[in-house]
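Peer 1: Going down the list, the sequences are from chains A and B.
Under this note's numbering, read the first sequence as residues 1 to 270, first letter to last.
Under this note's numbering, read the second sequence as residues 1 to 165, first letter to last.
No wet-lab data here; the hints were simulated from the structure.
Some clues are possibly wrong.
[Stated by the list, open to error] Between beta-carbon pairs, the in silico distance windows are:
| no. | chain 1 | residue 1 | chain 2 | residue 2 | range |
| --- | --- | --- | --- | --- | --- |
| 1 | A | ASP269 | B | GLY45 | 20 to 28 angstroms |
| 2 | A | GLY37 | B | PRO26 | 27 to 35 angstroms |
| 3 | A | HIS250 | B | SER86 | 28 to 36 angstroms |
[Said to hold, decoys possible] Looking from chain A toward chain B, a few residues come up when the C-beta cut is under 8 angstroms (computed):
| no. | residue |
| --- | --- |
| 4 | TYR10 |
| 5 | GLY55 |
| 6 | SER141 |
[Said to hold, decoys possible] What the simulated footprint calls covered on chain B by chain A, stretch by stretch (three residues with Cβ under 8 angstroms from a Cβ of chain A suffice, anywhere in the stretch; the number is not a length):
| no. | segment |
| --- | --- |
| 7 | 93-103 |
| 8 | 142-155 |
Here a beta-carbon is modelled for each residue, glycine too, at the ideal position from N, C-alpha and C.
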Amino acid sequence: MTESPNISTYPLVNFCLHLADTSLIMGHRLSEWTGHGPMLEQDIAITNIALDLIGQSRNFYQYAARVINASKGSTNGQGINEASEDTLAYLRDAREFRNLLIAEIPNGDWAKTMLKLFLFSTYQFFFYERLAGSADKQLASIAEKSIKEVTYHVRWSSEWVIRLGDGTEESNRRIKSALEELWPYTGEMFEPAAYETPDTKKRVSIDVSEIKISWQYKVKEVLEEATMIYPEDKKTWMQSGGKDGIHSEHLGFILAEMQFLQRAYPGCDW
Amino acid sequence: MESIQDNITAAEIWKLMKNINDPEIPVLSVTDLGIVRDIKCNDNGIEIFITPTYSGCPAMDVISMSIRMSLLHEGFTNIKITRQLSPAWTTDWMSDEGKEKLKSYGIAPPEAKTFDKNYLENLVIRCPLCHSGNTKLISQFGSTACKALYQCKDCLEPFDYFKCH
Numbered sequence: 001m002t003e004s005p006n007i008s009t010y011p012l013v014n015f016c017l018h019l020a021d022t023s024l025i026m027g028h029r030l031s032e033w034t035g036h037g038p039m040l041e042q043d044i045a046i047t048n049i050a051l052d053l054i055g056q057s058r059n060f061y062q063y064a065a066r067v068i069n070a071s072k073g074s075t076n077g078q079g080i081n082e083a084s085e086d087t088l089a090y091l092r093d094a095r096e097f098r099n100l101l102i103a104e105i106p107n108g109d110w111a112k113t114m115l116k117l118f119l120f121s122t123y124q125f126f127f128y129e130r131l132a133g134s135a136d137k138q139l140a141s142i143a144e145k146s147i148k149e150v151t152y153h154v155r156w157s158s159e160w161v162i163r164l165g166d167g168t169e170e171s172n173r174r175i176k177s178a179l180e181e182l183w184p185y186t187g188e189m190f191e192p193a194a195y196e197t198p199d200t201k202k203r204v205s206i207d208v209s210e211i212k213i214s215w216q217y218k219v220k221e222v223l224e225e226a227t228m229i230y231p232e233d234k235k236t237w238m239q240s241g242g243k244d245g246i247h248s249e250h251l252g253f254i255l256a257e258m259q260f261l262q263r264a265y266p267g268c269d270w
Numbered sequence: 001m002e003s004i005q006d007n008i009t010a011a012e013i014w015k016l017m018k019n020i021n022d023p024e025i026p027v028l029s030v031t032d033l034g035i036v037r038d039i040k041c042n043d044n045g046i047e048i049f050i051t052p053t054y055s056g057c058p059a060m061d062v063i064s065m066s067i068r069m070s071l072l073h074e075g076f077t078n079i080k081i082t083r084q085l086s087p088a089w090t091t092d093w094m095s096d097e098g099k100e101k102l103k104s105y106g107i108a109p110p111e112a113k114t115f116d117k118n119y120l121e122n123l124v125i126r127c128p129l130c131h132s133g134n135t136k137l138i139s140q141f142g143s144t145a146c147k148a149l150y151q152c153k154d155c156l157e158p159f160d161y162f163k164c165h
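Work out the full structure, taking the sequences as your base and the hints as a guide.
Peer 2: Here it is, written out as structure tokens:
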């Protein structure tokens, strides 16, 4: 019997998992605000955004599962060892997760969450805009769909950044401090991982370094309107590693909570 | 190659789809919403192509199940429901009938076409209760992913607006 190829090394699978994990962990973090938002409408808004992100992650996980299963020769999704969106989301350990670090950083106060969401959704906007032109039709479809929702996320979060930056002395202080804490996590978005590069040539994945300028421009515009100063990033050490499974101490805690039920009661359902 | 019988069956199934309602907004059918994209029949069975509205919409699983149950009830077997992500669902596919039903139900229907960038700008959304245009946006996100929350400044009632998407 021949050894099946090690699917975990396939660039496409890793790329899909990177995108799925990033949206899932970000969505999970935002959902931590459920029932704790500063006002009812904002509580509802942030949980809606979390739901959009989890929906996106489902699309990527489902695609990754299909690719994994097809490589093993099984296609009907019924086998015990088959991958599914659930096995990928709930049964992988921290070292296997490929999300951006910014997604796992704690929410902090409302200012930190708003700024985190703004920096992240702006990146997602330009990313999906490019990915919609992917040679891989499924990735292109997911991007085409996701960008419509992300457009609302960018608008909502940028308005909050402006409101807080150009708000009271306290809100301004909090969001400025949030900017200092979050800035080191913005470099990773534009550093391609090893698994992204081979497929970029085939136009399946995108070259993330190419969207940096658009991102910087938009972020600068919003920060200035919020009466904040755009940090010059050549002076900042940028955190990285998330895309390769090297995570901060936070991911372990997130997964412990998120995965507990499936691991304690394997295969359980409603 | 499609036979005449296949075409008749497809037409019957479209009629059935008109009776399957959105679980959150029960006045709208899945055809009013433009969720059912295509129906293919042949000797091997039937295939229904549906498209999700919002990525995270929790109603989609319920809708798939409703479609399957409805077809099984009519005696169809070999049913395949395929989710099609592209072309992406848009409120442009909502029927005019659907928009009228929304209004009578108390939800303001989507204004403008998605490719008209105005959908993100401040549109005049009419109150579905008193029809005044003197309304204000409270939040871009409402009771479900697809709706925003508005308030009428004349009759003072809050109402949902089905967002242009």
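Peer 1: Run every hint past the structure and note whether it holds.
Peer 2: Hint check:
1. A/ASP269 <-> B/GLY45: 20 to 28 angstroms: holds (26 angstroms)
2. A/GLY37 <-> B/PRO26: 27 to 35 angstroms: At 28 angstroms between Cβs, range holds.
3. A/HIS250 <-> B/SER86: 28 to 36 angstroms: holds (35 angstroms)
4. TYR10: violated (21 angstroms)
5. GLY55: holds (3 angstroms)
6. SER141: At about 3 angstroms, which falls below the 8 angstroms cut-off, the nearest Cβ of chain B leaves the hint on A/SER141 intact, so it holds.
7. 93-103: Since 0 is below three, the answer is violated.
8. 142-155: Check passed, 5 qualifying residues.
Going down the numbered hints, you'll see the structure goes against 4, 7, while the others check out.
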